[in-house]
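Q: Chain by chain, the residues:
Protein chains: 8
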Amino acid sequence: MNSHSLHQLLTSVASGMTSVEEAAESLARLPFENIDYAHIDHHRSLRKGFPEVIFGQGKTPEHIIGIMEKMCANEKVVMVTRIDAEKANAVLAKIPDAKYYSDARMLIHSKGEIPNQGRGKILILSAGTSDIPVAKEAQLTAESMGNDVNTVFDVGVAGIHRLFHYRRQIEEASVLIVVAGMEGALPSVVAGMVSRPVIAVPTSIGYGVSFGGLTALFAMLNSCSSNVAVVNIDNGFGAGYMAAMINRI
Amino acid sequence: MNSHSLHQLLTSVASGMTSVEEAAESLARLPFENIDYAHIDHHRSLRKGFPEVIFGQGKTPEHIIGIMEKMCANEKVVMVTRIDAEKANAVLAKIPDAKYYSDARMLIHSKGEIPNQGRGKILILSAGTSDIPVAKEAQLTAESMGNDVNTVFDVGVAGIHRLFHYRRQIEEASVLIVVAGMEGALPSVVAGMVSRPVIAVPTSIGYGVSFGGLTALFAMLNSCSSNVAVVNIDNGFGAGYMAAMINRI
Amino acid sequence: MNSHSLHQLLTSVASGMTSVEEAAESLARLPFENIDYAHIDHHRSLRKGFPEVIFGQGKTPEHIIGIMEKMCANEKVVMVTRIDAEKANAVLAKIPDAKYYSDARMLIHSKGEIPNQGRGKILILSAGTSDIPVAKEAQLTAESMGNDVNTVFDVGVAGIHRLFHYRRQIEEASVLIVVAGMEGALPSVVAGMVSRPVIAVPTSIGYGVSFGGLTALFAMLNSCSSNVAVVNIDNGFGAGYMAAMINRI
Amino acid sequence: MNSHSLHQLLTSVASGMTSVEEAAESLARLPFENIDYAHIDHHRSLRKGFPEVIFGQGKTPEHIIGIMEKMCANEKVVMVTRIDAEKANAVLAKIPDAKYYSDARMLIHSKGEIPNQGRGKILILSAGTSDIPVAKEAQLTAESMGNDVNTVFDVGVAGIHRLFHYRRQIEEASVLIVVAGMEGALPSVVAGMVSRPVIAVPTSIGYGVSFGGLTALFAMLNSCSSNVAVVNIDNGFGAGYMAAMINRI
Amino acid sequence: MNSHSLHQLLTSVASGMTSVEEAAESLARLPFENIDYAHIDHHRSLRKGFPEVIFGQGKTPEHIIGIMEKMCANEKVVMVTRIDAEKANAVLAKIPDAKYYSDARMLIHSKGEIPNQGRGKILILSAGTSDIPVAKEAQLTAESMGNDVNTVFDVGVAGIHRLFHYRRQIEEASVLIVVAGMEGALPSVVAGMVSRPVIAVPTSIGYGVSFGGLTALFAMLNSCSSNVAVVNIDNGFGAGYMAAMINRI
Amino acid sequence: MNSHSLHQLLTSVASGMTSVEEAAESLARLPFENIDYAHIDHHRSLRKGFPEVIFGQGKTPEHIIGIMEKMCANEKVVMVTRIDAEKANAVLAKIPDAKYYSDARMLIHSKGEIPNQGRGKILILSAGTSDIPVAKEAQLTAESMGNDVNTVFDVGVAGIHRLFHYRRQIEEASVLIVVAGMEGALPSVVAGMVSRPVIAVPTSIGYGVSFGGLTALFAMLNSCSSNVAVVNIDNGFGAGYMAAMINRI
Amino acid sequence: MNSHSLHQLLTSVASGMTSVEEAAESLARLPFENIDYAHIDHHRSLRKGFPEVIFGQGKTPEHIIGIMEKMCANEKVVMVTRIDAEKANAVLAKIPDAKYYSDARMLIHSKGEIPNQGRGKILILSAGTSDIPVAKEAQLTAESMGNDVNTVFDVGVAGIHRLFHYRRQIEEASVLIVVAGMEGALPSVVAGMVSRPVIAVPTSIGYGVSFGGLTALFAMLNSCSSNVAVVNIDNGFGAGYMAAMINRI
Amino acid sequence: MNSHSLHQLLTSVASGMTSVEEAAESLARLPFENIDYAHIDHHRSLRKGFPEVIFGQGKTPEHIIGIMEKMCANEKVVMVTRIDAEKANAVLAKIPDAKYYSDARMLIHSKGEIPNQGRGKILILSAGTSDIPVAKEAQLTAESMGNDVNTVFDVGVAGIHRLFHYRRQIEEASVLIVVAGMEGALPSVVAGMVSRPVIAVPTSIGYGVSFGGLTALFAMLNSCSSNVAVVNIDNGFGAGYMAAMINRI
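Chains as they are written, first to last, in our numbering: chain U, 1 to 249; chain G, 1 to 249; chain F, 1 to 249; chain C, 1 to 249; chain L, 1 to 249; chain X, 1 to 249; chain E, 1 to 249; chain V, 1 to 249.
Where hints are given, some of them may not hold.
[Stated by the list, open to error] Once the Cα atoms are required to be at most 27 Å apart in a straight line, the calculated BS3-like pairs of lysine-lysine come out as: (1) G:K99 <-> G:K111; (2) U:K94 <-> U:K121; (3) C:K94 <-> F:K121; (4) G:K121 <-> U:K121; (5) E:K121 <-> L:K121; (6) L:K94 <-> L:K76; (7) U:K111 <-> U:K70; (8) E:K94 <-> E:K76; (9) L:K99 <-> L:K70; (10) U:K94 <-> U:K70; (11) V:K121 <-> X:K121; (12) E:K70 <-> E:K99.
Bear in mind the hints are in silico, worked out from the structure with no lab data behind them.
Throw the hints in and build the complete structure from the sequences for me.
A: Next up, the structure:
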């Protein structure tokens with residue numbers, strides 16, 4: 001339930017189309033619904049402008065299906081993150097309208113077109129080809145939340161002229177997401193070029209002292225450019241969500 | 001030099017008030033100025049909407065004075081961060097117009113009033129009384145960059161009714177900065193209440209396994225709320241800067 | 001052997017029902033029994049009010065069977081923790097009376113009903129659906145030790161109104177176990193609501209800088225609420241055991 | 001304000017001794033009081049059975065005095081932890097009734113005798129002489145919360161017969177606090193001897209790979225005895241608080 | 001080649017049994033032999049009293065076979081450590097006289113009985129049943145190097161009376177090896193009972209903050225008993241080797 | 001495209017062999033080529049004297065094939081690092097002229113003989129047999145970049161006379177690469193013998209506190225010999241590349 | 001009290017020189033003496049062949065004096081470790097017969113000559129001049145325990161010919177202590193030269209990734225030579241104690 | 001003693017200018033000289049082309065003076081690193097010809113001009129003003145070893161146009177040293193611009209998750225540019241030494 005459908009419901013009651021009893025029952029579900037293994041937060045669309053997102057890791061397919069079935073009835077978009085192909089197939093067997101994106105490991109169920117709700121464009125840059133899955137997760141998230149998103153992949157600092165080729169696109173974006181593994185240097189360089197907020201996403205690409213992305217994370221937190229804030233390693237979803245929030249102000 | 005003074009200069013040339021030679025000399029300084037121990041980035045106001053900020057740690061008072069003298073000639077606001085009282089006094093002896101804020105360890109030199117450039121209000125919350133210095137650094141930074149800033153201190157999760165008392169202020173802010181040490185739980189709770197971007201700042205307050213703020217940092221990066229991005233430990237300056245950037249979109 | 005069966009034995013000797021030789025043999029086994037690869041601590045029921053629990057990890061099925069056979073002869077309840085399905089099946093082939101709980105990875109053999117030995121109720125809360133297996137391990141342990149246990153799952157801080165819905169249950173519990181991964185914030189919030197001891201259990205749910213539960217652990221140890229003590233990551237068993245001990249004072 | 005003084009207030013209103021206006025003003029302060037740099041949680045005595053405790057680290061003497069003055073008016077016992085001698089003296093100059101305990105680095109202000117509220121005895125054991133300050137912090141905390149506390153110091157595992165000498169005292173305690181640095185082995189051994197909850201407190205005593213108490217902490221979390229839960233390094237206060245909560249069930 | 005066979009060779013030359021050419025060829029191999037992927041250190045028996053031991057991890061079966069074939073020609077005992085069953089079978093197909101010990105993951109080739117070369121007895125204690133594989137590796141190593149070895153398994157500190165039952169055996173050993181995972185407390189307790197050197201071996205048994213044995217390692221290095229020295233995690237081989245060296249002084 | 005082929009192209013234009021249009025098209029590809037998932041840096045041969053190297057980890061076979069096809073058209077040598085056998089086979093099915101080196105996990109495509117471009121010899125030493133795969137990666141890289149390379153394997157410090165046997169070869173090399181796992185001591189010893197730069201490569205060989213090569217890395221960075229610089233763990237490729245750069249000065 | 005003085009006491013009783021009451025009182029103190037802040041383990045000389053050693057860190061001068069006064073009455077040698085000059089002076093004012101060694105930070109009180117109790121010689125090697133204080137602590141400890149000790153300082157691996165100059169001394173020692181900071185390579189090289197046990201002592205000398213000795217510690221635990229066991233960082237005392245135990249077998 | 005002075009000595013003997021006895025005595029000192037607390041490696045100039053360098057940390061002024069006096073007699077240049085002002089003054093009182101550089105914390109004693117021994121120029125770049133002390137240490141070292149050295153300071157990636165201004169100088173250097181703290185991104189960018197070896201030096205400048213330079217170190221080791229090798233944190237000396245070695249090939 002979101003702000004719009006709440007208005008619709010109340011208008012419908014006012015006009016006599018919906019009985020008070022029906023409305024009460026509907027609103028009773030508003031705060032949350034306890035299905036034993038989960039407390040679905042139906043309130044979240046109202047409170048945060050976007051419904052709860054299902055974190056797939058550590059949940060059984062049965063849990064995911066149960067939660068989705070409750071949510072799909074009430075929400076325009078339902079997203080599951082960190083869900084592998086095997087679990088996704090088990091879910092799709094029950095909820096065939098959803099769509100699975102294997103590189104981003106996301107499952108999305110949406111009803112109709114998503115209207116654009118952002119002020120400007122979100123630009124997603126990745127340092128390497130291997131960082132694309134995380135960048136894709138950010139892209140799908142921001143698009144599902146109603147944003148216009150562009151992407152440029154594989155423009156890391158080892159050949160920095162590739163990045164400067166996109167200077168105009170970079171300067172025109174209203175929010176930037178920069179995805180990088182290894183030494184995680186790209187966000188600092190990009191943030192030095194613009195007066196816009198940069199969301200940095202460290203990835204687990206690298207080996208040895210990349211420590212599964214920890215080095216990139218710490219490098220980004222130490223950025224000598226100040227318009228950088230950081231999300232968890234490989235958290236493309238969080239970056240897309242945060243960028244959408246910023247783009248909506 | 002910022003976008004406005006660039007226009008003034010060019011208009012002045014167009015009108016014959018300034019000779020081409022004078023303008024050329026002035027613009028020659030635009031990209032940066034090499035004073036041996038520093039390359040002052042005069043370009044930054046144009047490129048990023050705000051001049052370079054001087055990181056005081058590890059610099060001698062002489063370095064700081066030399067850089068400030070060059071910058072104060074060209075910029076409306078010049079900030080020095082991470083500068084202790086002793087160094088600040090040495091600088092103030094040479095640049096008496098600057099002002100030192102001992103709790104935030106900042107030195108600020110500004111010419112005249114700073115016009116409001118933000119869309120909405122920035123709200124800064126701190127979990128404890130001991131986190132106030134970091135929150136103050138964020139406040140001074142965001143205010144110096146032309147934002148309307150409110151603060152609420154000491155509303156940590158051990159007595160969560162204190163936080164809920166400020167629900168309206170929290171919901172009305174356009175960007176939130178949440179400062180917390182120890183277990184760093186406050187940003188998750190706040191972010192769960194709003195549909196706005198939350199910049200989380202871990203502080204080094206705590207002992208034992210707080211690891212000088214590392215635990216709070218990691219907790220914030222793991223937030224189960226998605227509208228949270230994080231800056232370095234005790235980095236009030238970065239949080240204020242990032243919030244200002246977001247508030248300007 | 002527990003305190004009750006010791007009394008029975010001695011009474012039986014006093015009445016002539018059991019010969020001194022038989023009693024001696026029986027008591028000889030009291031301190032421990034050496035079966036080469038293990039020293040079974042038969043003394044533990046007497047000393048600690050509950051028999052030794054078998055830690056399944058790193059033991060072969062043969063080891064587990066051997067130890068269980070000795071213990072089942074003497075104890076009302078025998079528990080094996082951290083035992084995967086494959087090993088459990090090998091054990092069940094020999095000891096079919098035991099029961100395997102796959103989500104909690106526990107194998108339990110009990111003779112008859114377990115009498116309630118606790119003063120009040122133990123309440124187990126989990127932050128997410130993915131934390132349920134650890135919560136279940138705590139529940140099974142506390143119940144096997146004779147406690148009345150309630151559970152509420154998926155009430156994490158990102159939608160804190162769900163937690164407050166259970167305020168009465170929370171306030172009425174005599175001991176609380178709070179299970180959480182990611183940023184591990186739930187125990188602080190719960191402990192701030194009650195005057196009862198809270199056992200916090202960090203879980204390995206999360207990714208990136210959750211470090212397999214380490215961040216949640218450290219956050220809990222840094223709790224700004226003081227009525228919190230912590231057990232090892234994913235150690236639902238330890239939490240259940242500790243809660244049972246507290247509930248029995 | 002605690003449960004008892006609330007009753008007194010209401011009775012006083014009922015009897016006409018206190019006017020409704022006076023009572024209202026008094027109760028208005030109940031949830032918390034905002035003194036700009038702190039939100040004093042007057043509610044806490046009611047909710048948790050003990051008033052808020054002031055964490056001295058990172059607070060100025062002025063902050064501490066300001067908070068204490070507000071609290072001392074309402075509470076029977078006010079404690080400040082982690083306060084060094086210099087700060088304590090500054091506070092004592094303003095609040096001379098308080099008492100400073102230099103080894104435990106605590107400052108305590110109490111009105112009259114504290115009634116015993118515990119079921120049994122709390123026993124505090126330390127592994128070494130160097131661990132005594134932490135043990136003392138636990139002792140002062142538990143005593144201030146109305147408990148009967150015994151202590152035995154310097155009974156570490158390198159000469160384990162010293163520990164066994166106190167077997168009776170150990171077995172008779174209702175809750176045990178075990179304080180140890182270095183390898184942190186003592187809680188495991190003690191917990192193996194009793195059927196009571198053991199709160200383990202790691203200390204920063206040691207050098208090299210003691211890592212300021214981290215090794216002792218991890219050892220205690222890995223205890224092969226199950227009736228052990230752990231608090232932060234050097235957190236004698238937390239251990240005393242938790243033990244008091246347990247002893248009150 | 002060891003000291004004894006060197007004497008035999010030289011005596012044989014002196015008596016005319018071996019030609020100078022044959023002896024020269026034989027001795028030419030003494031320092032080492034280069035077989036391209038390895039430099040076999042034939043000198044080591046002379047220098048260290050025991051031949052080189054083959055570290056199986058990271059070597060192909062072909063490498064191991066090649067090295068063993070060269071060594072078996074010259075040495076009475078050849079040991080391979082850290083070799084899994086699959087590789088071992090590949091080696092056994094070529095060198096059927098060797099024997100594989102699956103729990104200790106060792107492959108040993110020996111010619112005839114190994115004479116006792118130690119002064120006293122080596123005693124190996126393990127804290128748990130799960131630590132037995134590491135203890136077995138120590139046992140096989142020390143026995144192969146000519147020592148009289150006893151073992152007592154599963155006598156950890158959670159039921160410390162089991163350990164004290166073996167007090168006499170413990171006091172009579174000339175060197176002790178103590179193997180423990182989890183909190184690693186056993187070596188401190190044992191070392192406190194004897195005036196003999198204790199070699200402590202941390203194992204990777206445990207979970208959560210056992211960090212694969214790191215906690216046990218650090219606990220042992222912090223032992224409050226001084227007659228303890230430590231080897232790497234799970235390094236039963238190193239402990240057995242070191243104990244043999246000590247027992248030979 | 002490298003410096004030589006650029007000259008050829010321009011000469012060909014000058015002589016009329018190549019039309020201006022053809023040359024323009026060819027040069028247009030010079031800075032980089034965007035194939036959606038990658039920005040191929042054709043400029044790199046000109047700028048750095050060697051083409052971009054494809055990092056195989058995290059890329060799909062399709063990505064690798066796509067990038068190789070573009071690069072093989074322009075470059076004399078194309079290398080893929082960190083590519084496992086399965087992916088390599090998928091690539092070889094499309095690009096059969098390439099050659100796979102399974103121990104070094106490299107795939108190399110080269111046209112004709114590679115001319116020697118180095119000043120002196122590069123010598124690669126490994127501490128153990130298990131370190132050979134990393135040493136091989138360094139060797140293949142340096143040879144593909146036109147260097148004369150020698151190798152000596154398994155000369156670790158436990159039998160240091162083996163190393164001294166190669167003293168002359170060591171002293172005659174112009175650059176040395178020293179590969180070692182475990183305690184990583186070999187580079188210090190080698191660097192103490194020569195007046196040449198030593199590139200140290202830590203490997204992940206070892207167990208327990210080798211931490212997958214971290215201990216060797218840190219030991220090498222702490223070398224008491226000063227002519228040592230270090231690359232990432234298992235980064236044979238980087239060491240070979242760096243040595244080639246040094247040998248070309 | 002040691003084994004010899006126990007015999008003397010009992011003989012004296014047998015001969016009537018000492019009354020039963022006097023002997024009883026004397027023996028009553030045998031297990032330990034409780035002086036409130038310490039439990040002095042008078043039993044330790046009997047059990048371990050050497051009295052308890054006082055760990056100075058974290059103890060007040062009053063504590064140390066109190067413990068020493070009790071021990072000096074009963075023991076031939078009393079040692080205090082980790083005691084700084086200021087504390088030592090406070091102790092010496094009360095116990096002037098003791099002697100302070102400032103580089104080793106030890107205070108030793110002994111009565112008469114210490115007889116040699118070792119089988120062979122202990123040799124202590126240090127890698128650098130900066131490691132000498134730790135080496136001296138080992139030397140004083142071993143000498144106080146009745147051993148013949150030699151030292152060779154500053155023979156690190158950067159100029160390995162210096163070490164080989166002492167080959168004979170190295171080969172003749174019965175136990176070796178090798179002290180090194182930085183990369184900690186020396187113990188591996190020394191252990192490769194001898195068939196004797198080597199006790200390795202990491203020191204905190206170094207900077208950056210030496211991590212206060214952690215790198216040297218881990219390098220030593222990973223030694224490719226097997227006759228190495230390790231003590232805590234800077235623990236010269238432990239190394240000397242362990243070497244004395246080994247030398248006495 | 002270096003290669004040249006060895007030749008002089010031998011020629012002098014040949015011509016009868018020096019007696020055989022004098023030469024013998026002189027050469028006897030060649031391998032090393034034992035002055036009890038140090039083994040001075042006089043051999044090092046011959047072996048490594050540059051004399052031993054004295055690591056000041058952890059040595060007393062007396063140690064440093066003693067070592068310098070021996071070395072100054074034989075060497076053209078003697079350097080002490082990591083020596084603070086107080087120790088330096090104590091040394092200068094005895095050896096007034098030496099010169100102290102306080103920012104680089106180095107003390108250098110040289111006889112006459114140092115001839116240029118390098119092939120090309122060494123260029124040292126620093127990311128910030130605060131990194132200058134480390135850069136200076138590298139500069140002094142490389143100059144003392146006979147190299148032509150240029151420096152450019154404060155050209156970090158937050159304003160990357162400053163770096164590109166020096167493109168020509170960067171491309172013309174034969175070896176580059178790049179010094180950076182915080183996120184340590186500069187070496188990757190520089191290495192991407194050149195075909196020369198880059199020695200990266202992480203500095204401890206930064207705060208929070210810079211971990212005293214560890215983040216910069218790890219970022220540099222993860223560089224996506226391959227012509228980068230790394231030295232220890234703040235190790236300007238090592239970088240200068242390594243660059244000198246490379247520049248001499």
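Q: Now, for every hint given, state plainly whether the structure supports it.
A: Status of each hint after checking the structure:
no. : hint              : in the structure
1   : G:K99 <-> G:K111  : holds, 12 Å
2   : U:K94 <-> U:K121  : violated, 36 Å
3   : C:K94 <-> F:K121  : violated, 46 Å
4   : G:K121 <-> U:K121 : holds, 23 Å
5   : E:K121 <-> L:K121 : holds, 23 Å
6   : L:K94 <-> L:K76   : holds, 18 Å
7   : U:K111 <-> U:K70  : holds, 15 Å
8   : E:K94 <-> E:K76   : holds, 18 Å
9   : L:K99 <-> L:K70   : holds, 17 Å
10  : U:K94 <-> U:K70   : holds, 13 Å
11  : V:K121 <-> X:K121 : holds, 23 Å
12  : E:K70 <-> E:K99   : holds, 18 Å
The structure is inconsistent with the numbered hints 2, 3, although it conforms to all the rest.
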